[in-house]
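**Q** Generate coordinates for the entire structure from the input sequences, incorporating the hints supplied.
2 protein chains.
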Amino acid sequence: MARIVLKFGGTSVGDIDRIKNAARKIKAEVARGHQVAVVVSAMSGATNQLVKWVSEVATLPDPREYDVVVATGEQVTVGLLALVLQQEGVPARSWVSWQIPIRTDGAHSKARIVDIDTTEMARTMAAGEVPIVPGFQGLSPEGRITTLGRGGSDTSAVALAAALKADRCDIYTDVAGVYTTDPRIVEAARKIDRVTYEEMLEMASQGSKVLQTRSVELAMNHHVRVQVLSSFDDALGSDLPGTLVVDEEEIMAQGLEKSVVSGIAFAKDEAKVTVTHVPDRPGVAAAIFGPLAAANINVDMIVQNVSLDGSSTDITFTVPKADLAHAVQRLEQAKADLKFAEVKSDLNVSKVSVIGVGMRSHSGVALKMFETLAAKGINIQVISTSEIKISVLLASEYTELAVRALHTAYDLDAA
Amino acid sequence: MARIVLKFGGTSVGDIDRIKNAARKIKAEVARGHQVAVVVSAMSGATNQLVKWVSEVATLPDPREYDVVVATGEQVTVGLLALVLQQEGVPARSWVSWQIPIRTDGAHSKARIVDIDTTEMARTMAAGEVPIVPGFQGLSPEGRITTLGRGGSDTSAVALAAALKADRCDIYTDVAGVYTTDPRIVEAARKIDRVTYEEMLEMASQGSKVLQTRSVELAMNHHVRVQVLSSFDDALGSDLPGTLVVDEEEIMAQGLEKSVVSGIAFAKDEAKVTVTHVPDRPGVAAAIFGPLAAANINVDMIVQNVSLDGSSTDITFTVPKADLAHAVQRLEQAKADLKFAEVKSDLNVSKVSVIGVGMRSHSGVALKMFETLAAKGINIQVISTSEIKISVLLASEYTELAVRALHTAYDLDAA
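Residue numbers (our numbering), protein chains in the order written: chain R, 2 to 416; chain Y, 2 to 416.
Be aware that a few hints might be false.
Same chains, same names: a pair is fine if it fits in one copy or spans any two.
Unchecked claim - Quick list of in silico lysine to aspartate or glutamate cross-link-like pairs, EDC-like style, CA-CA up to 16 Å:
no.	residue 1	residue 2
1	K369	E188
2	K192	D175
3	K269	D347
4	K53	D18
5	K369	E143
6	K269	E388
7	K345	D281
8	K53	D16
9	K192	D248
10	K28	E89
11	K21	E57
12	K111	D63
13	K345	D310
14	K377	D18
15	K340	E130
16	K269	E398
17	K21	D324
Keep in mind the hints are simulated off the structure, nothing from the lab.
**A** What follows is the structure, encoded as structure tokens:
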């Protein structure tokens with residue numbers, strides 16, 4: 002017998018039929034003798050309608066009232082799902098966030114979970130009742146309703162699993178798991194059976210939008226075993242049909258052969274900025290990125306080469322495409338101080354990344370990437386590496402070609 | 002400066018434009034220097050959608066989960082209205098029922114308000130903030146969400162007005178007030194400026210569905226001055242454009258000439274049942290109505306004539322049309338015990354009532370009713386009277402004719 006938290010996303014509870022489908026999965030897990038708690042999202046579309054109403058009445062809405070309105074979406078789902086389960090003979094009840102409570106900080110519409118008191122809930126679970134909890138929301142220190150921001154339901158589920166010391170957190174969604182790359186681009190993409198938190202984080206932030214980054218961080222910090230799986234398949238979570246996101250140790254301990262590279266990620270939402278002929282002196286990088294941080298612009302890949310002439314250098318980095326104009330404007334304003342020559346920008350770039358914890362202990366992973374891209378005649382504009390990731394920036398039109406070539410080169414193609 | 006509770010019903014907050022309209026009225030009352038608290042219903046249609054979902058998932062829904070689902074309707078409105086007011090420069094915040102709290106008993110889906118703690122709310126009102134409260138709901142002794150049943154938002158508003166010791170409770174709805182009778186039947190029907198609680202209760206239970214009966218009882222018990230008025234008119238509540246429901250003393254004290262009869266009500270949703278040749282002995286009435294009460298059938302007009310032959314009598318009463326078949330079945334089952342001759346029933350009846358506190362001190366009111374109906378050739382089947390009401394049962398097809406004739410006879414027609 003295991004204790005499992007099941008989370009159903011918006012499309013998995015999108016209408017009454019989908020809610021009934023979720024209930025069948027819950028009932029089957031209970032029938033196997035598992036202790037089950039459930040976290041649900043709003044019915045797909047519901048949150049958008051609520052947000053639309055808010056935007057129709059206020060240009061800069063008070064986030065406290067925004068939260069009051071949008072938190073109703075999940076409250077509808079918890080009540081309906083509890084009713085369906087009861088109808089199916091499964092003892093169940095809803096727990097809205099202030100009843101548990103799920104305590105958060107006071108950052109309305111983007112709150113962080115501080116604490117979940119599961120004392121009472123664990124007691125009812127031991128007595129055979131299935132608690133149904135709304136994702137995405139909590140209770141502020143002032144006793145008001147908070148929401149965690151988009152995608153927050155994953156975080157709610159992982160946090161509840163941590164608080165309940167659950168054996169696993171099954172995230173039911175509309176995809177069968179995490180893939181070696183986007184199956185829409187590479188037909189031979191394979192579902193990954195097991196992936197480490199670190200790899201998942203790189204994949205999530207690289208654009209594989211299966212799990213929200215915050216939920217993966219939380220799972221890593223609390224060693225919560227997370228499974229991503231499809232609610233549209235027949236298979237049950239306990240049979241592990243999806244992708245398990247776990248500690249590297251668990252993968253090693255099971256003697257599973259871990260491929261060096263787990264997946265190929267790509268992102269098309271960044272723009273490249275190059276600041277040329279920056280005086281090569283201490284503090285100049287801080288001087289460039291200070292104004293951008295002050296403007297809340299997220300800077301990603303940063304590359305600074307050694308100075309060739311001993312007096313000036315070029316600094317290249319990426320920013321979200323939506324922030325490019327703003328970033329360039331901020332840099333131009335600082336030109337007099339920074340004494341650089343020029344700001345160049347390019348929207349026509351993509352970032353392609355090779356990800357795998359295995360590369361820590363294997364040499365030649367980067368070389369294979371560069372050789373593969375060279376063989377296809379693809380020019381690498383910028384390179385940036387971490388312990389478990391190598392990212393390159395290339396011209397957008399080569400994205401699919403590069404992803405497919407790398408997927409094959411690292412032996413990721415399905416047999 | 003007065004303290005006023007404003008309540009906006011479903012059609013008065015039916016869409017974003019209607020919510021903005023409600024906000025304008027609130028803002029205007031605040032501008033006049035009044036302390037204002039607001040109670041709102043769900044946007045019209047919202048509750049029906051939520052109830053429909055519940056009915057799609059459960060035949061006999063757990064009322065606790067039913068309440069979790071349907072209570073979201075008002076929560077959406079409080080958030081949106083608070084946002085609109087803030088946008089208009091009026092300090093406002095939503096208070097959901099568990100935050101105040103509005104304590105109810107544990108009778109889910111038909112709970113009764115036990116207590117409203119307005120300490121904190123009164124403090125914020127004194128500081129110039131407008132509290133926006135969801136009608137129709139509260140917090141059970143077990144800490145779960147309750148709803149008060151259909152029409153409960155009026156009750157919430159009156160209860161809040163009582164707790165806040167408000168000077169008035171303005172119920173904004175889609176009619177301009179309480180009329181001397183249904184204007185769809187009598188073109189000359191007039192809006193009543195002032196009506197007593199007792200009269201309003203008789204009108205509400207007689208089928209003038211302007212205010213929910215429970216809210217009028219509550220207002221009477223706590224001497225809350227209630228005004229019914231239209232949110233679709235330009236006039237503001239403080240100018241008293243609607244119908245004031247108040248103590249008889251207030252009407253007398255103002256030296257207002259009170260007409261003997263305030264209004265003519267009618268109901269078409271009752272059926273007549275006659276039990277013939279019932280043995281005329283003590284306890285027989287109890288024996289007849291016991292089985293009906295046990296079956297939760299609401300019995301209204303009851304008439305028992307004196308026994309003519311000294312040994313048996315006929316008993317006539319009305320029940321809701323929807324319960325008629327059930328009532329007849331119960332009586333037939335008891336026939337062996339009761340030893341009556343026959344149960345006769347008639348769906349083709351209407352109840353027409355003349356209502357007015359003035360009739361307590363005026364003779365001839367009933368006589369005028371009987372003469373008026375006789376002059377039109379309308380046969381009276383059953384008569385039942387109270388201190389402030391005379392009701393008769395007549396064949397349905399005479400309803401409109403009777404109402405119009407009585408409206409004229411009691412000088413209620415508009416000049």
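**Q** Each hint needs a verdict: does it hold in this structure or not?
**A** Here is what the structure says about each hint:
Taking identical chains as interchangeable, the C-alpha atoms of K369 and E188 are never at most 16 Å apart, the minima being 22 Å within one chain and 90 Å between chains. When the C-alpha separation of K192 and D175 is checked against a cutoff of 16 Å, the pair qualifies only within one copy, where the shortest distance is 14 Å, while the shortest distance between copies is 58 Å. Proximity of K269 to D347 under the C-alpha cut-off of 16 Å is restricted to the intra-copy arrangement: shortest distance 12 Å within a copy versus 76 Å between copies. For the identical chains of this complex, K53 and D18 are inter-copy neighbours only, at 14 Å across copies versus 25 Å inside a copy, given an alpha-carbon limit of 16 Å.
Taking CA atoms no more than 16 Å apart as the test, K369 paired with E143 passes in neither setting, with 55 Å inside one copy and 64 Å between copies. Proximity of K269 to E388 under the C-alpha cut-off of 16 Å is found in neither arrangement, the shortest distances being 23 Å within a copy and 80 Å between copies. Taking identical chains as interchangeable, the C-alpha atoms of K345 and D281 are never at most 16 Å apart, the minima being 18 Å within one chain and 106 Å between chains. Proximity of K53 and D16 under a CA criterion of 16 Å is satisfied inter-copy only: 12 Å between copies versus 20 Å inside one chain copy.
In this assembly of identical chains, K192 and D248 lie within 16 Å of each other by CA distance neither inside one copy nor across copies; the values are 18 Å within and 74 Å between. Taking the shortest Cα distances, K28 and E89 sit within 16 Å of each other inside one copy (8 Å), while across copies they are farther apart (50 Å). With identical chains, the CA atoms of K21 and E57 are at most 16 Å apart between copies only, with a shortest distance of 10 Å across copies and 33 Å within one. For the homomeric pair K111 and D63, the shortest alpha-carbon distance inside one copy (13 Å) is at most 16 Å, but the shortest distance between copies (33 Å) is not.
Neither within a single protomer nor between protomers do K345 and D310 lie at most 16 Å apart by alpha-carbon distance, with minima of 20 Å and 112 Å respectively. In this homomeric assembly, K377 and D18 never come within 16 Å of each other (Cα to Cα): the closest approach is 48 Å inside a single copy and 59 Å across copies. In the homo-oligomer, the alpha carbons of K340 and E130 never lie at most 16 Å apart, since the shortest distance is 67 Å inside one protomer and 52 Å across protomers. Taking the closest pair of Cα atoms, K269 and E398 come within 16 Å of each other only inside a single copy of the chain (10 Å); across copies the shortest separation is 74 Å, beyond that limit.
Taking the closest pair of Cα atoms, K21 and D324 never come within 16 Å of each other, the shortest separation being 42 Å inside a single copy and 34 Å across copies.
Consistency with the previously given hints fails for numbers 1, 5, 6, 7, 9, 13, 14, 15 and 17, ordered from lowest to highest.
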